[in-house]
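Produce the entire structure from the sequences given, and follow the hints as far as they go.
Protein chains in written order, with full-length UniProt numbering: chain A, 1 to 596; chain B, 1 to 596.
Some clues are possibly wrong.
Because identical chains share one entry, a pair is satisfied inside a single copy or across any pair of copies.
Below, computed lysine-lysine pairings styled on BS3-like, alpha-carbon distance capped at 30 angstroms [stated by the list, open to error]:
hint	residue 1	residue 2
1	Lys336	Lys179
2	Lys284	Lys237
3	Lys336	Lys226
4	Lys5	Lys179
5	Lys226	Lys332
6	Lys284	Lys336
What the hints contain is simulated information worked out from the structure, not anything from laboratory work.
Number of protein chains: 2
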Amino acid sequence: MTTYKAPLTDMRFALFDVLRADETFARLGFAEATRDVLDAILEEGARFTETVLAPLNAIGDREGCRYDKASGAVTTPPGFREAYAQFVEGGWSGLTAPAEFGGQGLPHAAGVPIKEMIDAANLAWGNFPLLSHGATEALLQHGEDWQRELFLKPLVEGRWTGTMCLTEPHCGTDLGLLKTRAEPQADGSYAITGTKIFITAGEHDLTDNIVHLVLARLPDAPAGVKGISLFVVPKRKVARDGSVGEANAVRCGSIEHKMGIHASATCVMNFDGAQGWLVGQPNKGLAAMFTMMNTARLAVGLQGLGLSDRALQNAVRYARERLQSRAPAGPKLPDKPADPIIVHPDVRRMLLTCKALVEGGRLMGYHAALLVDEAHAAPDAAQRERAEALLGFMTPIVKACLTEWGVECTYHALQCFGGHGYIAEHGMEQLARDARITTIYEGTTGIQALDLLGRKVMQLQGAGLRAMLEDIDAFCRAQAGNPALAGFLPALQAKAEEWPRMTQAIAQRAQANPEEIGAAAYDYLMYSGYVALAYWWARAVAAAEVSAHPDAFKAAKRETARFFYARILPRTLTHAAAIDSGAASLMALDAGAFDA
Amino acid sequence: MTTYKAPLTDMRFALFDVLRADETFARLGFAEATRDVLDAILEEGARFTETVLAPLNAIGDREGCRYDKASGAVTTPPGFREAYAQFVEGGWSGLTAPAEFGGQGLPHAAGVPIKEMIDAANLAWGNFPLLSHGATEALLQHGEDWQRELFLKPLVEGRWTGTMCLTEPHCGTDLGLLKTRAEPQADGSYAITGTKIFITAGEHDLTDNIVHLVLARLPDAPAGVKGISLFVVPKRKVARDGSVGEANAVRCGSIEHKMGIHASATCVMNFDGAQGWLVGQPNKGLAAMFTMMNTARLAVGLQGLGLSDRALQNAVRYARERLQSRAPAGPKLPDKPADPIIVHPDVRRMLLTCKALVEGGRLMGYHAALLVDEAHAAPDAAQRERAEALLGFMTPIVKACLTEWGVECTYHALQCFGGHGYIAEHGMEQLARDARITTIYEGTTGIQALDLLGRKVMQLQGAGLRAMLEDIDAFCRAQAGNPALAGFLPALQAKAEEWPRMTQAIAQRAQANPEEIGAAAYDYLMYSGYVALAYWWARAVAAAEVSAHPDAFKAAKRETARFFYARILPRTLTHAAAIDSGAASLMALDAGAFDA
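Pasting the structure below:
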């Protein structure tokens, strides 16, 4: 069984020492989000996730959700209902939702460490409240007043949960192909008919009602993505006084048997003339759905981060306890039969890789969350616009890199356990199986890469990249004389010069051949993630130096940064070479020749 | 459900066009191993694995092995017994074993494509006969005449299976710590007492008897690895006339619940004064065990290869069938609602990565198998010695790289399926879970890396590396004027110069600090694997050009080689940078500071 301890010290370091989130919150007018309040939330979140959620993680994996064909009901694993009740009771559901709908009105970034803790403690459980947040966002921004009145409060309070119903059997990435129909009814509602698959938390026993946000086509809607509208479809009909009425014509047809997140109900949802209401404008559903999707993408990035951290924590513990062989330079514990495996350079390589990716990734993820607040609440329009551009640029990087690193870190951590990592008893293999979904759902890594390079960089003329480069440049100038950073700044500056140059070269090649974008996209994304991490590791060292943390903490940041620059940042060499090689080596092979 | 089709065309290309295995076999005196015979074996192996083993793969995963506590018995999944009976019936068990013990006396390399097919078709099933081969080797080389007489024939015929009992709860990698005791008895046997864990096929219902090869300590044996002896311990005692008698005092205590290979019985074996017989010299058990281990390591490499190929085959099929979005340069199938996803550069990147690693890896793995035959049967002692050195050098590379690539390829292939890859129905997630053990058992990648750099390169003064570099040099000279290779040879030659230079630099640093070996080992191993693959891909292009294969086949080899050189070989840049960075960035962090 794996254990979990919320990394409060490093979370505080990220939020307060590096990102100065409390100052940002004050500047943005979140008067309640003081350091004291944030500290109290972190402490309480740690308690809840460590003692309530983490112990249910293995049970959830073993028992999974159960589906009853006769009733269409889904039963969550033992303890999940009680944990959810405590979650609602503790006010966690509405932490960052507007006060007028029963939320606590805290900034988005204040909720992000809690999200990380939930994901680390119990990823599958965390998927039940996860999409309530996206549904809340979509209704807030696109819903009519009466819809907000009716649906938002129960969502914010956690009495109901939300879903995003996009995927159909024949269409995932390409939503233009979707077939679910919405027929207008005399009372202004729509009858929704169609089958949606892979619907997270589509059915469960945690709440009385579920609010589905469903993409469907109106009659005579244009073909493709321009003919998609968004509807709100409650599991049980809701009267105008907010009371929950009879069952709507929507039913869970089955749940998937998956590699991991067994306790997360992944549902086939059959809509059979279900009563729904149009959200926002007809045929503008995709844009409204993207409101939910971007938040969800950042959230999935945090899932990768949380799992990485839990995996690392357990691998470090095991590597300190497991006695096996001797240190290369001679026994470290001569009185014991062998040394702990953490003395071995290769074990340290695996652990340090995780540590560098987790702590650097935390800064990257939390910073993106602060950009959400900046983009919403900065007083100045230019500031909001800049934050929006940088956020748009960083969202696919955060989603894809933190989840790819989640797969990598759970791999290394399992590997540290040797054969013991492969058996269920130690719990490491569950983390690896759970992590595997995160590079897929809410858009695969390949889709994030296209969003980054095709849309955020090429279509939007690189405003987000420019903002990022400005930030790096400003930092490098400010720290130019700082001896603590002498080992890092030259490499960072070199990458900050190479990055736009390489971007330009891709843009030029793409003018002649549109396939150049797709050919470069994945490597460009990963390259960008490592350069971003180089920036965050340099900032971590700078912030640690001037912080009140003890010398051992400062030394750990310095040494991990040194490891990152020596052994992880050189991954950019491979990615850059792949990018420079262009599309030709990918496109020449005949589709029929892939199996020799 | 995944399908499997034995890649006979590429197997034949590897064996006959590139490696000229039939010529080697003739030179080594294997008169029966003609092209015709080998072709017939390949055909029959394809039929057996495709129609008998492959359909049992998903059932095996779903049902797993069952353990009965009362009797200690292990029941294999439905169909496994029948398939094993067909395996024995078909003479597959003794394909490469000596004729005098009932085998077919074929060269080792002739069995390797069959091994790959079995692994691809049903890895877990393949683990039952797997270790019979190692047990056969150990008894052949180290057993007394009566032991060979008694145990070899049933092992070779497949009537019994073998195991390797090394690991104990407190010792895996570090066998010097093992505690199992062997007490001499009046009749010349030994009473073996102790607990072994992670014993593959330790108990099952496929055969009447199981031959355990067990590491244990004699009374007053020296501490550490110099006090380990090897014993043969049958599950049921065997009379001198070969008849199977009463149960020995060895019992399966439980089977592990694992991430994958559910149908492979991973047993805790309790020896409680079991009757065993010393194999080879007292206290020389580790060397005898390494006889088994090296063969087993090559075999596990093939497991990675087989799984990669099956994953690739299914991903290619899916990528051709799944219609989603349009090609970047405009519709390829305008009459269909969308194009098949194989048109997208990033999907091709994933598929080509698998293809380059699978087909290149096949050459590397089969070549190592030929070295086994060379090392045993070459007429000239110098030839045997050279083959032995090169084999020793390549064994950890084959084991570690083919299995790391197995994890990578099953990752990419699953990713091509998107969400459908994560659910059990499509079978892709089983391949990923099954692959995950291969980088662990028979020595983790980290252990292979130390074996390569610490032992094979540093202790043995690099004879294997020198042989490899000679082969590359000879090939480059011979092909110097070949226009088909103009795009490849300069890069290959550059790597062939960098490789020994980097090796020398590590050796120099290691003189001052022994930690430099462990610090460089993993990256050195992977670097070596990619350079070896660059050599094999160049050879593949050269061999294809002069072969009788159709132009489309030649073009596919050329284009895949081009992809490999453009997009995979640059991974050596990252590994070289990591190696050059030395041990300092790994060793400075205090063991207590890994969790911030």
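* Asked: Broken hints, numbered, in rising order?
  -> When the structure is compared with the hints, only number 4 turns out to be violated.
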